[in-house]
Amino acid sequence: MSSTRALRQAASGTAETSRPAAREQAPTGAGATRSRPHEHAHKAAAFVANDARLHWHDQAIWFLRGKRDRVSSAVPDWEQLRSAGEQIKAHTLSRLAEYLEQFERNAIQLGARVHWAKDAEEHNRIVHGLLAERGVQRVVKSKSMLTEECHLNPYLEERGIEVVDTDLGERIVQLRREPPSHIVMPAVHLKKEEIGELFHQQLGSEEGLSDPKVLTEIARQHLRQKFLAAQATISGVNFAIAETGGFVVCTNEGNADLGTSLPPLHIACMGVEKVVPRLKDLAVFLRLLARSATGQPITSYTSHFLGPRRGAELHVVIVDHGRSGILRREEYRRSLHCIRCGACMNTCPVYRRSGGHSYGVTVPGPIGSVLAPHINPAAHSSLPFASTLCGSCSDVCPVKVDLHHQLLVWRGELGRAGLLPLSKRVASKLGGWILARTWAYRFFGRLGRWLLARVPRAVIYNRWNAWGRQRELPAPPRESFREIYRRRRGQ
Amino acid sequence: MVEVGLFIPCYVDQFYPRVGLSTVELLERQGVKVDFPQEQTCCGQPMANSGCFSEAAPLARKFLSVFSRYQYVVCPSGSCASMVRNHYRNLLPDSSELDEMRGKVYELCEFLHDVLKVQPRGRFPHRVGLHQSCHGLRELRLGAGSERRISGFDKIRDLLSGLEGLELVQLARPDDCCGFGGTFAVYEEAISCAMGKDRIADHERAGAEIIAGADMSCLMHLSGLLQRQKKPIRVMHVAELLEEATA
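Taken in order, these protein sequences are the chains called E and L.
The numbers in my numbering rise by one with no breaks, and the one at position 391 of the first sequence is 391.
The numbers in my numbering rise by one with no breaks, and the one at position 69 of the second sequence is 69.
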């Protein structure tokens, strides 16, 4: 089947092995090729400026990390489970084309129709085509980061189709006309009072509500009407099973189940990396997913779809959108293991303090920062630097994506592609030149310490000294270690 | 006799000579023959972390040419030791000299714990907050770390456990990053300082008098914040602490 040719080549290494980052450009409009190396830092600084909110956000997200720690501790073989997850994913990626074709054959046999999309544009065209052919004007959609990634909502809305997100968090950010700030909890950046105000303005509820139960009930009533009126439903896919042709959707709200039970058309959209070989592999992934995501032993609803409902249609759209390019690059391949649990966000000390919107991409946090530059390295050149490389993400990841290592590899690639800010390039050139010469290092070390001890404070702590804005510099000693060592040893 | 090539990070050499001297003292007390090769400069991590691999690679080659002749290479920094062990491969993909180096470069606490197998005895009557520096913890595995579900171990704690009077305070977040992150500290200054202040607050709440750690870079960042805010907590490298306690 020609649709999986790119995957076959990528997996077997027969295609060109690596493409320099600078040449891989995405069609995301004006300014897409301009490097924005300070983007994340600027947005993060704005987030940090509100100290109370920063700490509220950090605590709220850290709470999830704590829950994940507790429930994963209750699994005696957690680390083996992670290894199993990693190995199944690595194996699947090594034969991705075969497993996808097996899934396709079995899904067709179950009565589903399968479509292949090479990128976001084709995905959106296929989905719209299916809806337009059937005259559908009202669609409900359960949470799908893939459709967010493809910007499906605006695409359909521009063509006169109403799309209502039915996951509560997704609906909230949809009503606010903003992207999700977290892949599992799209509205985690909002306080309940803000949601009360939003519902007051958009859904006509009473003013000043903030009781989560009351707010949830308002959302239920509002969404119930949308469910009943919908002519089609769109869902994501958490796991597609090659040996059965079925797939699994995990939710906590049951919205995917209600959405798929009512209208006669279900379109399920999945990235190529969502396939797993066997049904029993779910025993590994379902145990890892909810525990890592929200600290639950399992999601409230784990729904298996095996072909269409009687009298209804089921379409599966399998999307590449840059994934075969990642598969082709060995150093980044493991990022395709990702099961979108969001644990790397919850543990990331930078994400917790800068918020999901500071990343400017659908999938934020460490995993987003290694995925986004594949689509457009220039536009997202700040993301691999939005990390201290502390490595917590790599250790928390249920499928062992080597996230912080990939961030470092990206930095090198952005450097080679000339996408670093001038200040970094100049400082590294200068620093590299000095440090490569012992005499220069010694000379400039002494000079630096001498100046630091004598130059007036106001000159050192100038407006360009980012270190000194909130921190003191270390007091320079008269002698360096090597000078003392030499003196004492009489060398 | 164990022979060690002493690898002192550039910023420790320039700003924290006491840490270097304590390292020498601790090793020599164990009968180790220490040599500090004067040609050394920097491992290249600042450039590599900035994405400037081509500027970092000559420093990696220089490092190998300076240190390959030693039986062991010991460094009082988990981050710099990890740079050599775990990240030089990015810079020198084909170096066979690196294979050997990766097996003999050690962070100081790791070397004391795993190779010399020492259990320092002494006295240090203070309430100490242990700052787990990320690269030592998660790249060199000096401890189990809070993320992984494996039976807990902690090499730095082990080294401190024989010191009378030393009380290690309980932190709410035992190994959250301090926010230094190399050039991150200046390019993402706002987040870096927010992280550092939160780390300090955790130590304050736990009642620490001293924040001790095995990486002076984290401590330089925390100390910079502490000094600006005129807080009474001081920072101390584990090498200095051990030297003082066991004198």
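Derived by calculation from the structure, the hints in this document are not laboratory data.
Incorrect hints may have been included.
[Unchecked claim] Each computed SDA-like pair below joins lysine to any residue, with the alpha-carbon atoms no more than 20 Å apart:
#1 L:33 to E:116
#2 L:33 to E:67
#3 L:62 to L:18
#4 L:62 to E:43
#5 L:62 to E:467
#6 L:62 to E:436
#7 L:197 to E:417
#8 L:230 to E:439
#9 L:197 to E:469
#10 L:197 to E:466
#11 L:197 to E:473
#12 E:67 to E:50
#13 L:231 to E:467
#14 E:424 to E:439
#15 E:280 to E:262
#16 L:230 to E:469
#17 E:400 to L:150
#18 E:67 to L:148
#19 L:197 to E:59
#20 E:67 to L:150
#21 E:429 to L:228
#22 E:43 to L:148
#23 E:67 to L:171
#24 L:197 to E:58
#25 L:33 to E:484
#26 E:424 to L:186
#27 L:197 to E:400
#28 E:400 to L:231
#29 E:429 to L:62
#30 E:400 to L:186
#31 L:62 to L:1
#32 E:424 to L:58
#33 L:117 to L:231
#34 L:197 to L:149
#35 L:230 to E:58
#36 L:197 to E:465
#37 E:213 to E:225
#38 E:192 to E:400
#39 L:231 to E:470
Since the structure is predicted, the reported quantities are computational estimates derived from the model, not experimental observations.
Hints, verified against the model:
1. L:33 to E:116: Given pair residue 33 (chain L), residue 116 (chain E) is violated - Cα atoms ~66 Å apart, limit 20 Å.
2. L:33 to E:67: 49 Å, violated
3. L:62 to L:18: Not OK: residue 62 (chain L) and residue 18 (chain L) at ~25 Å, beyond 20 Å, violated.
4. L:62 to E:43: 39 Å, violated
5. L:62 to E:467: 29 Å, violated
6. L:62 to E:436: At roughly 7 Å apart (the allowed maximum being 20 Å), residue 436 (chain E) and residue 62 (chain L) satisfy the hint.
7. L:197 to E:417: It is violated: about 35 Å lies between the C-alpha atoms, which goes past 20 Å.
8. L:230 to E:439: 37 Å, violated
9. L:197 to E:469: Holds. Residue 197 (chain L) to residue 469 (chain E) sits at ~14 Å (cutoff 20 Å).
10. L:197 to E:466: Distance of about 16 Å is within 20 Å: holds.
11. L:197 to E:473: 16 Å, holds
12. E:67 to E:50: Violated. Residue 67 (chain E) to residue 50 (chain E) sits at ~26 Å, over the 20 Å cutoff.
13. L:231 to E:467: Between residue 231 (chain L) and residue 467 (chain E) the Cα gap is close to 18 Å, so the pair holds against 20 Å.
14. E:424 to E:439: 23 Å, violated
15. E:280 to E:262: 29 Å, violated
16. L:230 to E:469: 15 Å, holds
17. E:400 to L:150: 15 Å, holds
18. E:67 to L:148: 14 Å, holds
19. L:197 to E:59: Since the Cα atoms of residue 197 (chain L) and residue 59 (chain E) sit roughly 15 Å apart, the hinted pair holds (cutoff 20 Å).
20. E:67 to L:150: 17 Å, holds
21. E:429 to L:228: 31 Å, violated
22. E:43 to L:148: It is violated: about 31 Å lies between the C-alpha atoms, which goes past 20 Å.
23. E:67 to L:171: Judged against 20 Å, a Cα distance of about 17 Å means the pair holds.
24. L:197 to E:58: 13 Å, holds
25. L:33 to E:484: 18 Å, holds
26. E:424 to L:186: The hint holds at about 11 Å.
27. L:197 to E:400: Status violated; Cα separation ~30 Å.
28. E:400 to L:231: Measuring from Cα to Cα gives roughly 40 Å; hence the hint is violated.
29. E:429 to L:62: OK: residue 429 (chain E) and residue 62 (chain L) at ~16 Å, within 20 Å.
30. E:400 to L:186: Status violated; Cα separation ~30 Å.
31. L:62 to L:1: 26 Å, violated
32. E:424 to L:58: Answer holds: residue 424 (chain E) to residue 58 (chain L) is near 18 Å, not above 20 Å.
33. L:117 to L:231: 36 Å, violated
34. L:197 to L:149: Violated: residue 197 (chain L) and residue 149 (chain L) sit about 28 Å apart, past 20 Å.
35. L:230 to E:58: Roughly 25 Å separates the two Cα atoms, so the pair is violated.
36. L:197 to E:465: 19 Å, holds
37. E:213 to E:225: Judged against 20 Å, a Cα distance of about 19 Å means the pair holds.
38. E:192 to E:400: 34 Å, violated
39. L:231 to E:470: Distance ~13 Å between residue 231 (chain L) and residue 470 (chain E) Cα, so the pair holds.
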